[in-house]
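Produce the complete structure using the sequences and hints provided.
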Amino acid sequence: MLYTAVLVAGLHAWLVGIGDTRLPLFLGGMAALFALEFVRHDLIALLGRIALIAAVVSADGSGLSRVLLALLPFTAYFAFGRAAAVALGAACLAGVATVAQLRRPGWTSDTEQVSDLLMLALAIALAIAMAAVAVEERRGRERIADLSAAAERQRLARDLHDDLGHHLTAVIVLLEKAEAFRERDPQAAQRALADASGSARRALSEVRTSVRSWDFHLGTALRELCTDTVVLRLAGDESRYPEPVLRSLFHAAQEAITNARRHAGDGVVEVYADLGPDRALLTVTDTGPGFAADREGFGLRGMRRRVRGVGGEVAVRSAASAGTRIEVTVPL
6 MLYTAVLVAG LHAWLVGIGD TRLPLFLGGM AALFALEFVR HDLIALLGRI
56 ALIAAVVSAD GSGLSRVLLA LLPFTAYFAF GRAAAVALGA ACLAGVATVA
106 QLRRPGWTSD TEQVSDLLML ALAIALAIAM AAVAVEERRG RERIADLSAA
156 AERQRLARDL HDDLGHHLTA VIVLLEKAEA FRERDPQAAQ RALADASGSA
206 RRALSEVRTS VRSWDFHLGT ALRELCTDTV VLRLAGDESR YPEPVLRSLF
256 HAAQEAITNA RRHAGDGVVE VYADLGPDRA LLTVTDTGPG FAADREGFGL
306 RGMRRRVRGV GGEVAVRSAA SAGTRIEVTV PL
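When the letters of the sequence shown are read in order and numbered with our numbering, they come out as residues 6 to 337.
Calculated directly from the structure, the hints in this document are not laboratory data.
It should be emphasised that the depicted structure is a prediction, and the values quoted were computed from it without experimental measurement.
Glycine included, each C-beta is placed from N, C-alpha and C at the ideal position.
Among the clues, some could well be false.
[Unchecked claim] Using C-beta positions, here's what the derived DEER-type ranges look like:
hint, residue 1, residue 2, range
1, S63, S114, 21 to 27 Å
2, Y8, T103, 22 to 28 Å
3, E181, G145, 51 to 57 Å
Here it is in structure tokens:
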């Protein structure tokens with residue numbers, strides 16, 4: 006828009022004979038300035054702009070092209086910072102005042118000339134302020150992008166840790182079972198080895214899924230998580246829930262099943278997920294020996310942190326020889 010206004014004013018001055026407009030130099034300089042807009046801001050480009058604007062100003066009979074000087078500190082701010090922009094703006098004003106003094110030694114008594122210089126100073130100040138806002142906004146976007154990337158890395162690291170921890174626990178339990186039954190029941194030992202192999206393969210698949218950040222589906226993830234020794238029931242529609250909530254529910258189920266396998270042995274484990282219209286409910290129940298309610302480990306504390314991060318709560322009901330029930334509730 007600024008280039009268009011200057012171009013129209015210069016052409017009008019040339020057509021009506023205002024001032025001394027040298028049309029070829031004026032048009033050539035304007036075209037070159039426009040082309041420089043698509044060039045990266047660096048010292049060479051800045052020097053080129055200075056030379057071209059000086060040429061355009063000298064060839065423009067309307068005098069409006071002096072406003073282009075405000076573009077110099079504006080572009081300098083992006084490439085060299087605030088100090089360079091302020092210095093260049095001051096140099097532009099000093100240059101205009103020097104030229105005016107050489108052409109008309111008494112120009113300071115001309116109200117119109119002084120007003121033009123003040124308006125140019127205001128334009129330069131506004132240009133520097135706009136550049137400062139734009140640079141700060143760009144830095145803000147970069148900081149947000151960095152924070153988002155860090156949060157995503159933390160999420161992936163957490164997912165990998167939880168997934169691998171769950172599957173490695175299952176593999177260890179199954180391998181220990183195979184070792185224990187190797188002499189007494191070779192078939193049971195063979196089944197345990199096959200289950201351990203399957204758990205290791207699922208771990209590899211989930212790691213690949215986490216790294217690739219594929220779309221997450223809670224129902225599918227729970228079906229893969231719950232093997233023949235875990236009873237799974239699903240209800241409701243997960244599509245209404247955001248992905249962080251679904252992932253939080255999945256990892257809560259994963260941690261609860263891991264604890265059950267670690268402590269409940271061959272006891273029955275039941276998982277129930279109800280994704281209702283107003284809240285999501287996940288319960289994991291086992292018939293193991295249970296534990297004292299005040300003896301929560303790192304796994305349960307991590308589960309509480311993760312669930313609270315999406316606005317939910319975790320309730321644990323357990324007692325010695327009475328089994329364990331973990332209930333996760335997240336409002337929609």
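Which of the listed hints are not met by the structure?
none
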